[in-house]
Amino acid sequence: MAESPGAFDAARAAAWITASARLIGGAADRLTELDTAIGDGDHGRNLTRGFAAAAEKADGADTPRGVLTGAGSALVSATGGASGPLFGTFLRRTAKALPDAPVVGPDDLADALAAGVAAVRELGGAADGDKTMVDALDPAVTALRGALAEGASLPAAVERAAEAARAGAEATIPLVAHKGRASYLGERSAGHEDPGAASTALLWSALAEATGADDG
Amino acid sequence: MAESPGAFDAARAAAWITASARLIGGAADRLTELDTAIGDGDHGRNLTRGFAAAAEKADGADTPRGVLTGAGSALVSATGGASGPLFGTFLRRTAKALPDAPVVGPDDLADALAAGVAAVRELGGAADGDKTMVDALDPAVTALRGALAEGASLPAAVERAAEAARAGAEATIPLVAHKGRASYLGERSAGHEDPGAASTALLWSALAEATGADDG
Amino acid sequence: MKKIINAPEDVVADTLRGLAAAHPELRVDAKNGFVARGEAIRLGKIGLVSGGGSGHEPLHAGFVGYGMLDAACPGDVFTSPVPDQILAATKAADGGHGVLHIVKNYTGDVLNFRMAADLADDEDIAVATVVVDDDVAVEDSTHTAGRRGTGATVFVEKIAGALAEEGAGLDACAAIAAEVNERSASFGIALRAGTVPTAGRPGFELAEDEIEIGVGIHGEPGRRRGAMATARELTATAMESLHDAKPLDGRLLVLVNGMGGTPLSELYIAYAEVADWCARHNVTISRNLVGNYVTSLDMAGFSITVCRLTEDLMRLWDAPVRTPALRWGR
Amino acid sequence: MKKIINAPEDVVADTLRGLAAAHPELRVDAKNGFVARGEAIRLGKIGLVSGGGSGHEPLHAGFVGYGMLDAACPGDVFTSPVPDQILAATKAADGGHGVLHIVKNYTGDVLNFRMAADLADDEDIAVATVVVDDDVAVEDSTHTAGRRGTGATVFVEKIAGALAEEGAGLDACAAIAAEVNERSASFGIALRAGTVPTAGRPGFELAEDEIEIGVGIHGEPGRRRGAMATARELTATAMESLHDAKPLDGRLLVLVNGMGGTPLSELYIAYAEVADWCARHNVTISRNLVGNYVTSLDMAGFSITVCRLTEDLMRLWDAPVRTPALRWGR
Ligand SMILES: Nc1ncnc2c1ncn2[C@@H]1O[C@H](COP(=O)(O)OP(=O)(O)O)[C@@H](O)[C@H]1O
Ligand SMILES: Nc1ncnc2c1ncn2[C@@H]1O[C@H](COP(=O)(O)OP(=O)(O)O)[C@@H](O)[C@H]1O
Ligand SMILES: [Mg+2]
Ligand SMILES: [Mg+2]
Ligand SMILES: [Mg+2]
Ligand SMILES: [Mg+2]
Numbered sequence: 000m001a002e003s004p005g006a007f008d009a010a011r012a013a014a015w016i017t018a019s020a021r022l023i024g025g026a027a028d029r030l031t032e033l034d035t036a037i038g039d040g041d042h043g044r045n046l047t048r049g050f051a052a053a054a055e056k057a058d059g060a061d062t063p064r065g066v067l068t069g070a071g072s073a074l075v076s077a078t079g080g081a082s083g084p085l086f087g088t089f090l091r092r093t094a095k096a097l098p099d100a101p102v103v104g105p106d107d108l109a110d111a112l113a114a115g116v117a118a119v120r121e122l123g124g125a126a127d128g129d130k131t132m133v134d135a136l137d138p139a140v141t142a143l144r145g146a147l148a149e150g151a152s153l154p155a156a157v158e159r160a161a162e163a164a165r166a167g168a169e170a171t172i173p174l175v176a177h178k179g180r181a182s183y184l185g186e187r188s189a190g191h192e193d194p195g196a197a198s199t200a201l202l203w204s205a206l207a208e209a210t211g212a213d214d215g
Numbered sequence: 000m001a002e003s004p005g006a007f008d009a010a011r012a013a014a015w016i017t018a019s020a021r022l023i024g025g026a027a028d029r030l031t032e033l034d035t036a037i038g039d040g041d042h043g044r045n046l047t048r049g050f051a052a053a054a055e056k057a058d059g060a061d062t063p064r065g066v067l068t069g070a071g072s073a074l075v076s077a078t079g080g081a082s083g084p085l086f087g088t089f090l091r092r093t094a095k096a097l098p099d100a101p102v103v104g105p106d107d108l109a110d111a112l113a114a115g116v117a118a119v120r121e122l123g124g125a126a127d128g129d130k131t132m133v134d135a136l137d138p139a140v141t142a143l144r145g146a147l148a149e150g151a152s153l154p155a156a157v158e159r160a161a162e163a164a165r166a167g168a169e170a171t172i173p174l175v176a177h178k179g180r181a182s183y184l185g186e187r188s189a190g191h192e193d194p195g196a197a198s199t200a201l202l203w204s205a206l207a208e209a210t211g212a213d214d215g
Numbered sequence: 000m001k002k003i004i005n006a007p008e009d010v011v012a013d014t015l016r017g018l019a020a021a022h023p024e025l026r027v028d029a030k031n032g033f034v035a036r037g038e039a040i041r042l043g044k045i046g047l048v049s050g051g052g053s054g055h056e057p058l059h060a061g062f063v064g065y066g067m068l069d070a071a072c073p074g075d076v077f078t079s080p081v082p083d084q085i086l087a088a089t090k091a092a093d094g095g096h097g098v099l100h101i102v103k104n105y106t107g108d109v110l111n112f113r114m115a116a117d118l119a120d121d122e123d124i125a126v127a128t129v130v131v132d133d134d135v136a137v138e139d140s141t142h143t144a145g146r147r148g149t150g151a152t153v154f155v156e157k158i159a160g161a162l163a164e165e166g167a168g169l170d171a172c173a174a175i176a177a178e179v180n181e182r183s184a185s186f187g188i189a190l191r192a193g194t195v196p197t198a199g200r201p202g203f204e205l206a207e208d209e210i211e212i213g214v215g216i217h218g219e220p221g222r223r224r225g226a227m228a229t230a231r232e233l234t235a236t237a238m239e240s241l242h243d244a245k246p247l248d249g250r251l252l253v254l255v256n257g258m259g260g261t262p263l264s265e266l267y268i269a270y271a272e273v274a275d276w277c278a279r280h281n282v283t284i285s286r287n288l289v290g291n292y293v294t295s296l297d298m299a300g301f302s303i304t305v306c307r308l309t310e311d312l313m314r315l316w317d318a319p320v321r322t323p324a325l326r327w328g329r
Numbered sequence: 000m001k002k003i004i005n006a007p008e009d010v011v012a013d014t015l016r017g018l019a020a021a022h023p024e025l026r027v028d029a030k031n032g033f034v035a036r037g038e039a040i041r042l043g044k045i046g047l048v049s050g051g052g053s054g055h056e057p058l059h060a061g062f063v064g065y066g067m068l069d070a071a072c073p074g075d076v077f078t079s080p081v082p083d084q085i086l087a088a089t090k091a092a093d094g095g096h097g098v099l100h101i102v103k104n105y106t107g108d109v110l111n112f113r114m115a116a117d118l119a120d121d122e123d124i125a126v127a128t129v130v131v132d133d134d135v136a137v138e139d140s141t142h143t144a145g146r147r148g149t150g151a152t153v154f155v156e157k158i159a160g161a162l163a164e165e166g167a168g169l170d171a172c173a174a175i176a177a178e179v180n181e182r183s184a185s186f187g188i189a190l191r192a193g194t195v196p197t198a199g200r201p202g203f204e205l206a207e208d209e210i211e212i213g214v215g216i217h218g219e220p221g222r223r224r225g226a227m228a229t230a231r232e233l234t235a236t237a238m239e240s241l242h243d244a245k246p247l248d249g250r251l252l253v254l255v256n257g258m259g260g261t262p263l264s265e266l267y268i269a270y271a272e273v274a275d276w277c278a279r280h281n282v283t284i285s286r287n288l289v290g291n292y293v294t295s296l297d298m299a300g301f302s303i304t305v306c307r308l309t310e311d312l313m314r315l316w317d318a319p320v321r322t323p324a325l326r327w328g329r
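Residue numbers (numbering that gives the first Met the number 0), protein chains in the order written: chain A, 0 to 215; chain B, 0 to 215; chain C, 0 to 329; chain D, 0 to 329.
To be clear, the hints were calculated from the coordinates, so they are not data collected in a lab. All residues carry an ideal CB built from backbone N, CA and C; glycine is no exception. Take these hints with a grain of salt, some might be off.
Here are some chain D residues pointing at chain A (derived, C-beta under 8 Å) [said to hold, decoys possible]: (1) G74; (2) G95; (3) H96; (4) I124; (5) A125; (6) A127; (7) T128; (8) V130; (9) A144; (10) T197; (11) L205; (12) G215; (13) P220; (14) S285; (15) T309.
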């Protein structure tokens with residue numbers, strides 16, 4: 000049984016991972032198609048495999064930190080490609096930045112997610128506008144923090160973050176890639192949505208689902 | 000300068016070979032297409048190469064026998080494939096059966112051509128109706144001899160032979176091949192004209208041209 | 000048609016030019032149309048000559064070298080060589096004790112090699128001939144030109160080549176070549192036809208779910224058209240045809256051969272299924288070869304060739320070989 | 000999509016199954032996701048581990064054996080392996096004196112190998128890493144992920160492998176691997192895209208007269224689309240790009256590499272033109288390799304890789320090697 004909507008506990012963390020697995024599995028063909036256009040056509044399959052493994056591990060801990068650490072490790076062990084280490088690091092470093100408590104508050108969660116995003120930047124070296132997952136991750140945490148600062152509830156704030164992630168992903172379409180495989184195409188990478196940004200948007204939709212879910 | 004229409008001399012023999020080279024060169028694409036359907040798609044190119052080489056050797060002798068021996072040898076040396084030895088043998092054994100004279104009469108020519116056809120049968124082992132060049136060669140010599148027996152002139156008789164060769168080639172369409180590459184297809188070889196029979200018909204058209212040509 | 004070529008009519012000459020540049024250990028005589036070992040033939044060693052149409056690379060020139068062929072004569076694409084070049088290759092391969100002609104069973108090859116053997120006889124070179132006819136997709140009857148020569152050619156060239164290297168005589172080399180052929184069988188399946196450069200379009204057209212079953216290596220369609228199936232099913236079709244023609248027993252040498260346009264990974268998948276099939280049917284595979292050895296231009300597909308080995312044949316298969324396309328032991 | 004496979008998602012597992020069946024001299028550990036030499040590593044010998052996405056066969060597993068790799072870890076098709084399998088391969092390849100990771104420069108490969116190296120460090124295995132980035136079609140700038148690793152990987156694996164066999168230490172092996180990479184350059188051209196089995200359709204579509212110039216080995220389009228041209232022109236495009244990036248001088252090792260769907264004859268034609276180009280530009284080719292070594296599924300096309308040799312590198316290139324895909328000297 001999950002805590003009230005304002006708080007984030009192990010069950011909600013696990014729900015985030017399982018919802019991610021479901022949304023990404025459902026969008027696998029679209030993600031692969033995006034990756035076929037400017038990459039190597041494996042992104043949908045990579046993440047489907049990775050999040051399925053992560054979801055299997057999602058029940059094994061009592062704290063959000065434990066859940067996300069386990070999920071992140073499982074993701075790294077099962078995904079491969081660029082997205083495995085990057086998404087895995089996002090989850091593990093988000094986890095590491097969380098208080099080691101059964102329930103964490105909205106601001107702690109937002110700070111931890113920001114730490115996760117920073118870790119992705121550091122590992123991958125991507126800047127804003129390089130046409131990577133960072134272009135969805137960054138607007139999402141910014142929107143999350145902004146909404147919480149304005150006094151929004153966690154579900155409402157994460158909903159805004161998810162919208163920002165989607166907008167960020169769409170905004171990658173005209174960009175020329177400077178990181179990842181799409182960068183090999185130079186100018187020809189423009190005109191296509193970045194697959195990693197698209198899957199990142201799904202991750203935030205899953206978080207919105209998990210934090211907003213009624214526990215009745 | 001060639002002899003009168005009734006006789007066959009070195010010039011007419013040479014004219015046969017050069018006309019063959021021209022007709023076959025002009026039909027190369029069609030022959031290749033026929034060979035693509037039930038063979039390996041090289042018949043047009045093989046014979047074009049072979050008869051071009053034969054035509055180059057066609058001027059070097061004073062007798063039909065000499066011309067055709069030289070042409071046949073050149074054909075064997077340049078063609079390759081099944082058709083090289085078979086057409087080469089046809090020419091060489093026709094030559095061998097000719098009287099060693101500067102001019103040969105219609106009946107001697109017909110007998111010699113019949114010997115050439117028999118040699119093709121022997122070398123290739125094909126029977127009538129096996130869907131090979133024999134199905135054009137055989138009706139042609141039969142028609143030639145028949146026409147001569149009925150008192151036709153050589154030009155007229157060769158014209159009849161050429162028609163018989165064309166008819167024979169067309170009659171291979173429904174046949175199932177029992178020799179050559181087309182035989183690998185079994186029943187699937189039916190419905191296509193045999194490329195070697197088609198080129199044989201051109202050879203007889205060329206002979207009609209060469210024997211009928213006015214020397215004025 | 001899209002190919003890495005200069006002009007359709009230059010394909011064979013340019014391939015030989017590349018072979019010569021890449022393999023200085025070979026003597027590529029473009030003028031006379033043959034490829035021979037760079038070093039002179041050892042006096043007394045039986046010479047091995049093979050040849051046939053081009054488009055089957057690495058066959059045959061890729062098998063010239065120690066332990067295999069002495070000379071090969073490539074014809075035009077899918078066209079047997081002419082007697083003159085076969086004679087020239089035969090002379091280059093003659094060490095004074097005779098030459099073995101290894102001929103794939105196609106009318107053109109058989110006739111041109113026969114004419115060349117007659118010419119060699121005129122020059123007092125003893126020639127023995129083995130005609131390879133391993134493709135069981137073709138019925139061996141008077142209603143066909145007989146079984147085609149395909150993958151077993153590699154086995155014949157390797158094993159007879161090893162025996163010749165040991166100093167055996169012409170009769171012994173010819174006998175073992177015939178024995179290898181007799182003990183071998185092949186079956187091929189095509190997923191996409193190859194394109195003869197001068198023809199410019201594929202030998203046949205297949206829909207997305209169609210394959211040609213019992214296909215040869217010259218772009219001709221197979222015995223029948225079938226439905227696309229899994230590697231396991233395709234392999235079973237081939238293995239069953241092989242087994243029906245010549246029951247598989249004893250210890251096998253197996254070649255899973257690519258047709259030119261099929262990547263190695265798919266050939267390994269096919270081999271996995273061949274190995275499984277053999278395990279299920281209590282057949283032992285003692286030696287194997289997986290790769291593109293007897294190709295058909297850029298055709299996609301594969302063939303399986305099996306040879307039921309004897310002690311002797313296995314020893315000769317294992318003997319050192321050093322050619323561009325097959326190399327081990329030195 | 001027509002392939003000799005059982006199911007798109009089984010391609011890697013089935014390929015490994017075939018590899019295991021065909022090469023009993025290898026240890027194929029499907030569970031832990033690596034392929035190693037069958038015999039235990041010699042104590043003290045530096046271990047060489049490589050790996051990367053599948054679909055490039057024979058790279059990498061085909062280069063496991065004496066004189067080259069100790070272990071390889073194939074990922075899913077076009078997907079780098081995960082740290083766990085790299086760690087397992089690293090353990091299998093460790094003879095107590097450290098392991099060299101040979102990594103092609105792709106974000107996924109670099110990150111996963113880095114994580115594996117960290118894990119190996121936790122287990123007190125010394126790991127050095129060489130990142131191969133030879134593909135000069137990609138600009139080496141902060142605006143890209145850096146040059147891709149392609150054909151030079153074969154050179155690095157062969158030459159570092161030979162040095163390791165001689166008993167050199169980890170630093171020396173890493174240094175020579177870096178030197179080979181530094182002295183190498185590659186450029187690729189595609190005539191037809193390959194098809195990722197699970198994607199089901201080609202990575203890009205080309206018209207009959209179009210090619211992709213400066214293409215990689217993962218199905219991504221190249222730097223630009225161009226018009227189909229002769230082998231001589233295609234080769235000149237590639238050679239000039241190589242020469243612009245790293246001036247060609249001294250004695251070259253040249254690889255003319257097929258992308259998987261291109262037959263050997265076309266590669267020899269390309270090699271003929273490479274040799275001609277070098278002759279015209281006073282560049283000496285001392286060693287060469289022509290064939291399908293670093294493929295991209297069934298993509299049609301070729302790449303050219305050059306390495307400017309030193310005495311040392313030539314000696315190590317010539318040293319004996321015994322792997323499924325590269326073998327000489329024993
Ligand atoms: N350096 C990087 N920093 C951040 N994200 C990256 C970087 N490189 C790649 N990515 C992300 O990874 C995605 C591709 O993931 P995926 O297709 O699974 O891996 P691969 O590129 O190895 O095939 C890209 O769409 C991009 O969003
Ligand atoms: N045994 C044979 N007897 C007579 N003609 C034959 C025989 N085999 C093949 N042919 C003829 O040869 C033709 C094919 O010639 P060609 O395509 O040049 O040679 P190949 O079959 O070697 O490619 C066939 O169409 C057929 O007419
Ligand atoms: Mg990808
Ligand atoms: Mg033909
Ligand atoms: Mg032919
Ligand atoms: Mg990938």
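Going by Cβ atoms only, is G215/D closer than 8 Å to chain A?
Constraint on G215/D satisfied, holds at 6 Å.
Against chain A, with CB atoms and a cut of 8 Å, does the hint on P220/D hold up?
holds, 6 Å
Can the hint on S285/D be confirmed by a CB-to-CB distance to chain A that is less than 8 Å?
Hint on S285/D: violated, closest Cβ of chain A at ~31 Å, above 8 Å.
Holds or violated: T197/D as interface residue toward chain A, Cβ cutoff 8 Å?
Holds. Min distance 5 Å.
Tell me if the interface restraint on I124/D is satisfied: Cβ within less than 8 Å of some Cβ in chain A.
violated, 19 Å
Can you verify the interface hint for H96/D: is its Cβ closer than 8 Å to any Cβ in chain A?
Hint on H96/D: violated, closest Cβ of chain A at ~28 Å, above 8 Å.
Does G95/D hold up as a contact with chain A if the rule is Cβ-Cβ below 8 Å?
Because about 26 Å separates G95/D from the closest Cβ in chain A, which is outside the 8 Å limit, the hint is violated.
With a cut-off of 8 Å on the beta carbons, see whether V130/D makes it to chain A.
violated, 14 Å
Please verify that hint: G74/D, Cβ, nearest Cβ of chain A, below 8 Å or not.
holds, 5 Å
Checking hints one by one. Is A144/D an interface residue toward chain A, by the C-beta closer than 8 Å rule?
holds, 5 Å
When the nearest CB of chain A is found for T309/D, is that gap smaller than 8 Å?
violated, 30 Å
So, A125/D near chain A? Judge it on the closest CB pair being under 8 Å.
It is violated, given that the least Cβ distance between A125/D and chain A is near 22 Å, above 8 Å.
Violated hints, listed in ascending order, are 2, 3, 4, 5, 6, 7, 8, 11, 14, 15; each of the other numbered hints is respected by the structure.
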